[in-house]
Structure formats: C-alpha cells, structure tokens
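Those sequence lines, one after another, are chains D and U.
Going by the numbering used here, 1180 is the number at position 257 of the first sequence; the sequence numbering is gapless.
Going by the numbering used here, 158 is the number at position 139 of the second sequence; the sequence numbering is gapless.
Please note that the accuracy of each hint is not assured.
Claimed, not checked - Taking lysine-lysine pairs in the DSS-like style, the calculated list, with each CA pair at most 30 Å apart, reads:
hint : chain 1 : residue 1 : chain 2 : residue 2
1    : D       : K997      : U       : K296
2    : D       : K1052     : U       : K150
3    : D       : K1026     : U       : K114
4    : U       : K113      : D       : K1027
5    : U       : K114      : D       : K943
6    : D       : K999      : U       : K111
7    : U       : K111      : D       : K982
8    : D       : K943      : U       : K296
9    : U       : K193      : D       : K1026
10   : U       : K294      : D       : K1052
11   : U       : K294      : D       : K1048
12   : D       : K1052     : U       : K250
13   : D       : K1048     : U       : K113
14   : U       : K294      : D       : K1036
15   : U       : K113      : D       : K1143
16   : U       : K113      : D       : K1192
Since the hints were made in silico from the structure, they are not lab data.
Treat the numbers as computed from the prediction; the structure is a model and nothing was measured.
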Amino acid sequence: MRSIRIVNVTKSYDGENILKDFNLTIPSGQFFVLLGPSGSGKTTLLRLIAGFESVDSGKIYLGDNDITNEPINKRKINTVFQNYALFPHLDVFDNVAYGLKVKKVPNDIIEQKVTKIIEVMRLSKHIYKPIQQLSGGQQQRVALARAIVNEPDVLLLDEPLAALDVKLRERMLMELVDLQNNFKTTFVYVTHDQNEALTVGHNIAVLNEDGEVEQFGTPKEIYEFPASSFAATFIGTTNLLKGVLEIGSEPKIIIEGLGSFSVVIDGTKKWASNGMNVFMSLRPEKIRITKKELKLNENHIQGKVASIIYQGRFTQYNVKLANNSIIQVFEQNEEHIPQEDIKLHDNVNLYWQKENAVLLEK
Amino acid sequence: MKNLKEKFFDNIPFFVSVPAILWQVLFLCLPILFIFYMALANGLFAFTFEYFRGILDWVHLRIIVRSLLVAMLNASLCLLIAYPVAYFLALKAKKMKNFLLFLLTLPAWVNFLIQVYSWFFVLERNGIINKILLSTGIISDPLHMINNQFAISLVMFHIYLPFMIVPLYNILEKFDPQLIDASLDLGANRIVTFFRITFPLSLSGVYLGFFLVFVMTFGEVVIPMFLGGNKTLFVGTLISEYFFGARNMHTGAAFTLLSSMFMGATLLLLYILMKNKIKTSLSLKG
C-alpha cells in the first residue's frame, strides 16, 4: 500500500498554527493534488510527509506503517523540489545515481538503473554534462529522474513547474501524467495553480488560507460542484451572487435588485432551509448571451455590455446588471463571423439552466 | 579617427588602475626582484650559487621542515575548529549572525603585538592560568606553559583562526541548505551528506583559508620570538636574523627563496592530494 494517511496533525511555527487537527487520506497509486493559495500550509504538509519537519501532534501513516517519527532518510518517499536542488558539483549521472549510491546499491545495478531512467527522461545526450549546462526543463527532468530512480512509494512534488515558461510547463505536465501512469507511484503534487491541478489530478484536495481542507474530489466534481464559495472562486472563474433562499413549490433564490431565480436543491444540500442567506455560483461559460429575447424556460436576466475582452477561444463579456453588479459571460467563438454581433453598451439577455448554477452555504 | 578626448575616455579604466599597478610594481615586484638579485648575483652581472651552497645543509633544511610542520599543524587545527564555527554562523545563527561576526573580529582591533604580549601574561609562571589553578588546588606546582612549542602553537591558533573562519563563512553563506534536505531525502544520513555535499561544495573556502593560514604561519616571526623564548629557530626568525642580526643579506635572500620554494612545493602537493582524494570519493567507482 502506498497511501498516505494524515491523522489529527497539528503544526505551528512561532506560536502560529499552520495546520490544526488536520486529516487527509491520499489514496494509493494516484496522482493527487494539494491545491491552495500561498499560506494555506500545503508546503508545510509536504515537508511533514517528507520528514523535513516533525509534527507537533498527530500521526502520519504510509500504508499501514506509522512514519511519524521515522527519519527522512529512512522513509520510502522522495521529493522533487521547487528549485530542483540538484547537486551543482555532480554531473547528471551522479546526481541521478546519488540516492542509490548512498544506499550502497552495487555499482552495476546503479549503472543499469540510472542509464534506464535517464533514457526514459530523454536525457541520454546529456548524461555526463554538468548540471549548469542544462536548460530549466532538462534540470527539471534530472530532478524527477533523481527521485524516481529510488522507486519511492510516494513521490512528492513541490510546485515543480513554477520556474518554467508556459509552453514548457504544459508539456511537462503531460510528461508527469505519463510518468505516473507508467510507475503507478503515488504522486502528491503541490500547487497554487488551478489549471495544473485540474490537468493532472485524479483527486484534488483544496486547502483554504486557514489550512483546512475546503473540498476533496475529482477535478470535475470540484469544478462543476464546488462545495463553498472559496472553492468556486479559487478554481476557475465564477460569478458569485448573494441572495435569500425561498423553498416553496420550486426552490428559488431572491437576489436584491435582480429578482428571483430557480435553483436546484439536491441531496448534498441538507443545510438548505427557507429564508437563509446563500450564494449562487454561476460559471461564465454556462450562461448564454444574446441580444434577442428567447422564449425559454430558463433563468433570465437583462443587462448592458460594460466591456468585451477577446480571448481567442472565447470572448469574455462583462455585463452590468440592474443592481450595478457585473456578471461575466464566456461565449465560445465557434464561427469566424458570428451571426449575432454583440457590441459595447448593447442591451443583452442572459439565460442559464437552473441545473448549471450551484447553491452554496458559505 | 578618434580625437584625443575620446581616446582618453576610452582608456579611463586603464588610468584608474595605474596607481594600483605602480603600487604593485614598487612594493611587490621590485622587492622580489631584489631578493632574486641578492641571492644570485655576485657583482653586477655575474651569477653565483655560492649563497645557496652555504645554506643547503641539514641545519637549514631542518628549520624549513620544522616550520612546514608547525604551519601544517596550525592550518589543520584552525580548519578543524573554524569549520563548525563558520557553518554555524552561515547556516544556523539567524538573528545573532552579525553580532557574532562582530565578536569574531573584535580581537583584531587590538594591536597584534599587544595580543601576543597579553598571551605572555596569561601563560607565564605567575600568569592568570597558573594563579587560578594553584589557588583552586588543582595543581601544586606552576605549569610550564611558556617558551615552548605549546605556547607558540596556541597563540598562532588564536591569532590566525579568524583568517580561516572568514573564507569558510563566505563560501558557506552561499551554500543552499536545501541541498542538505535533498540529500537526506535521497536516503543519505547527516554524515554522508556532509562529506558528499556540504564539504565538497565549500572546498574553495577550505583551500583559501588553509593556504592563507599556512602561508602566514610559515613565515611567522613575532610569535616564536616572544613566546618561544627564541630557543627554536623557524624560517621567519632565521630570515630576520640573517637580514637584521647578521647583516648577511645574500644568504638571507637565498634562504628566503629556498624556503619559499619548499612552501610552494608543499602547497602544490597538498592541493593535488586533496583534489584527487575528493575526486575519487565522489565518483561512482570510488
């Protein structure tokens, strides 16, 4: 078993609680993402799992083994550091071989394993080059190879792509996914970048600023059904509308100055009660924008286009509503020449299905 | 064609460096040439090895070897003690760092001769140490701590320790402590991490500090004179004896060159040995 279980862990620095009674189970063999803003304790969590820091209280399990007090160098866990932390006085081969060498693995086996992983990482051409001669992406791959060659049960990645440019980052993300597929090692990937999280994660744990798990789920679950306004705004873009819940024959949210809109209350919203203050999260791409008035059995609102931002794949419209709030709408640019040309200051109609808005308690 | 003014401005870096070059020529190059001349010249244009022949004997050789050994001992001792201090200062002492560095340089504010003299009063027969030890009854007779090799080595160690700490501190301060994390993470323990990562990456500081202390100790004059009771001769004391005591400049210059050659050879040998040792301990085959 290569799962990680964190049980009631508390950790503080200088009297300030970073993590308090923190619980999390990271499933075995998954690409798992810890997503959160800076200061959410995700790096602390990673350092606790790796063993660089010790917990104030609580337990950490690797599979069924309690590793809370196991020293770093005995844990079958390896880390890929944000700045790679490659050894500058060693060449690529010796960097990758380091872990095996200090574990006194016979030389011929080292040679074999290192050569193989360097080949997998497409570094064969650079095998005896000093680290300084490699590009950022190559250094990144050396850091990965150096960790993976030890065949760890868990691989920790601390914002490993932060230093790379966008194109390279996208490619490395795909390589990471392939790598995880091949090795079936548990990957724990720390990032504050929601795009990276959605791209690679089998499961994501969203942490908030107080170091608590805000939501745990697959990328799709988290994106489509955020559990809180924090999760809804942190992952992707959303419109957050505040209103009062009215549960009659059909549940509605009444928003001051805008009117009432149908919402869905399913089994997960047991907290919902008549008259309570709630939020509605409405993703910009779920809204249809048009100048025409359509006879649709959907939620409908009118507004005026306040600004238009062309983004290539889609166009973003910021629409000013009757209560002076702004709502964002993304419209896919399906056609070269759109049938309907929406211009600045045009009056527009917005429509959305009630199933596509998410009711949130806080 | 550039006019004169442009030429002048193009060459400003050269003009600025002129004083330094002059200084070097006047006070370093010329004296060295003078030493060579004194050691090898017989009359204005005749060369001779006569002065060298006069000092190529076991007496002089023994003095050189003794100085080399004392310098080696002192440099090694300084390295051994300075490394943990520099490591602590550079990587562990966070807020106290500047204050501790200040403390370290504090003795250097006192004149060198006064420092050496102070040691005399600490170590002598009626000195502080003997008084304390006698009054507490730990010893019944005063310890003989002066006019011997012990006093010389102790004071050399004290005076030259900062010259080892500073280069080490400089290099260790640039050391990325995350490399230690990385090494531990890959399964090395703290000792292996030190010898495979931290130490090799601080080598330039080790070389610099070691050679600095070595060279300065090798030519030391004052400490053996004041605290060694002038019983044993060292390279520095003998050179000053030839030049100022016996007024035998030719032999003095020859001996200076000979001892410098020995020192250079020793340093070169040490450097090659250290370099190879570290290479083999790092490579996969080692």
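A quick look at each hint next to the structure:
1. D:K997 to U:K296: holds, 29 Å
2. D:K1052 to U:K150: violated, 63 Å
3. D:K1026 to U:K114: violated, 37 Å
4. U:K113 to D:K1027: Violated. K113 of chain U to K1027 of chain D sits at ~36 Å, over the 30 Å cutoff.
5. U:K114 to D:K943: Between K114 of chain U and K943 of chain D the Cα gap is close to 28 Å, so the pair holds against 30 Å.
6. D:K999 to U:K111: holds, 28 Å
7. U:K111 to D:K982: holds, 28 Å
8. D:K943 to U:K296: violated, 49 Å
9. U:K193 to D:K1026: Holds, because 28 Å separates the two Cα atoms, which is no more than 30 Å.
10. U:K294 to D:K1052: With a Cα-Cα distance of about 20 Å, the restraint between K294 of chain U and K1052 of chain D holds, given a limit of 30 Å.
11. U:K294 to D:K1048: holds, 28 Å
12. D:K1052 to U:K250: Violated, because 57 Å separates the two Cα atoms, which is more than 30 Å.
13. D:K1048 to U:K113: violated, 42 Å
14. U:K294 to D:K1036: holds, 29 Å
15. U:K113 to D:K1143: Given that 30 Å is the threshold and the Cα spacing comes to 45 Å, the pair is violated.
16. U:K113 to D:K1192: This hinted pair is violated, its Cα atoms lying about 51 Å apart.
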